[in-house]
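Asker: Please work from the sequences and hints to get the whole structure.
Number of protein chains: 2
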Amino acid sequence: MLAAARTAFAERGFDGASIRVIAADAGVDPALVHHYFGSKDKLFLAAIEAPADPEELLPAALAGGRDELGANVVRLLLQVWDGPGRTAGLALVRSAVNNEWTARLLREFLVAKVLRRVVGTLGLPKAEGEARGSLVASQLIGVVMARYVLRLEPLASASPEELVAAIGPTVQRYLTGDIVLPGGAVTAL
Amino acid sequence: MLAAARTAFAERGFDGASIRVIAADAGVDPALVHHYFGSKDKLFLAAIEAPADPEELLPAALAGGRDELGANVVRLLLQVWDGPGRTAGLALVRSAVNNEWTARLLREFLVAKVLRRVVGTLGLPKAEGEARGSLVASQLIGVVMARYVLRLEPLASASPEELVAAIGPTVQRYLTGDIVLPGGAVTAL
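Residue numbers (my numbering), protein chains in the order written: chain A, 1 to 189; chain B, 190 to 378.
Possibly wrong hints are sitting among the right ones.
[Claimed, not checked] Simulated restraints on C-beta separations: (1) B:Pro-314 / A:Gly-120: 40 to 48 Å; (2) A:Arg-86 / B:Arg-340: 20 to 28 Å; (3) A:Ala-156 / B:Leu-311: 15 to 23 Å; (4) B:Arg-201 / A:Gly-83: 28 to 36 Å.
[As the list claims (entries may be wrong)] Just so you have them, the derived chain A footprint on chain B, three or more residues with Cβ under 8 Å: (5) 327 to 336; (6) 350 to 364.
Worth flagging that the hints you see were computed from the coordinates, not collected in a lab.
Don't be surprised by glycine CBs; every beta carbon is placed ideally from N, CA and C.
Answerer: Below, the structure written as structure tokens:
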């Protein structure tokens with residue numbers, strides 16, 4: 001079931017894949033997939049071995065309001081990666097760098113499970129939300145690479161709050177700042 | 190020789206490794222290493238199969254002056270990665286993510302060959318330069334991951350100048366802005 005799910009999510013994306021198709025590919029009844037995983041969300045998280053469930057963690061980070069969004073997103077990233085999510089997170093990043101299909105799955109995870117929700121709180125047009133989301137991702141993935149993969153000092157040993165103070169404003173600017181957006185999306189605000 | 194060089198650079202760092210030691214480990218005369226590679230710099234670039242030689246490319250980017258530094262560094266990164274450096278760059282990132290020793294070599298490359306030179310133009314105290322350099326690295330590596338590894342849209346298809354406009358100010362702020370620095374380095378400017 002998980003192998004069929006990985007294939008379907010990588011080929012069709014999170015939105016395009018359905019439990020019905022995944023169950024058919026795995027040769028099982030869709031009810032069985034529902035029974036084991038509960039929802040397409042949960043099946044996806046299991047299939048990619050996600051380091052954390054954004055559905056559980058994001059609401060608190062998003063509740064702080066628009067002006068705190070950048071800081072709260074960086075803080076949440078560091079909570080997951082400085083905590084028990086690091087091992088699974090590193091495995092996912094390693095696999096994504098080595099394998100085009102896992103790269104697609106990680107991209108789907110970031111876009112559909114993280115960025116869309118974060119940007120969704122801002123009520124932006126779709127193209128602008130995607131442009132801002134991809135900029136946010138470029139900074140967050142870079143923090144993961146610098147702190148946990150390359151262990152670049154002093155960033156690697158800095159306290160989470162030091163990094164929230166240094167990097168939060170970058171993410172905030174990408175989310176709500178008056179910037180030139182990649183891909184020709186209109187500049188806003 | 191290259192294997193001995195990789196070991197020495199990973200174990201001792203770029204500064205700590207010497208051609209003398211590398212030659213001894215490889216069982217050859219130091220003059221032979223000089224003959225083949227010319228300098229420790231060139232030997233290092235060959236050992237890690239660097240995507241580009243910062244010594245050749247950075248001077249033009251640094252010549253634009255302090256206020257253009259962020260934009261010029263992002264522009265140079267995209268020139269290398271949108272150009273012939275991408276294949277070697279991706280191989281280096283893949284290897285660094287898979288292998289702790291290559292991660293050390295990539296870190297040494299970033300610190301000793303790129304960041305130190307970029308930050309060096311600002312005349313900062315050492316700790317502050319390292320703190321600012323590690324923040325710059327976090328954004329640059331993230332651009333590489335988002336654009337070339339995960340191919341996150343619209344960032345992946347954006348023109349270089351769109352990304353210079355969006356991301357250059359982040360790098361500029363990390364280099365010269367009034368920010369809280371990780372690792373307890375004093376805030377400056």
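Asker: Sort out which numbered hints this structure fails and list those numbers smallest first.
Answerer: Of the numbered hints, all hold.
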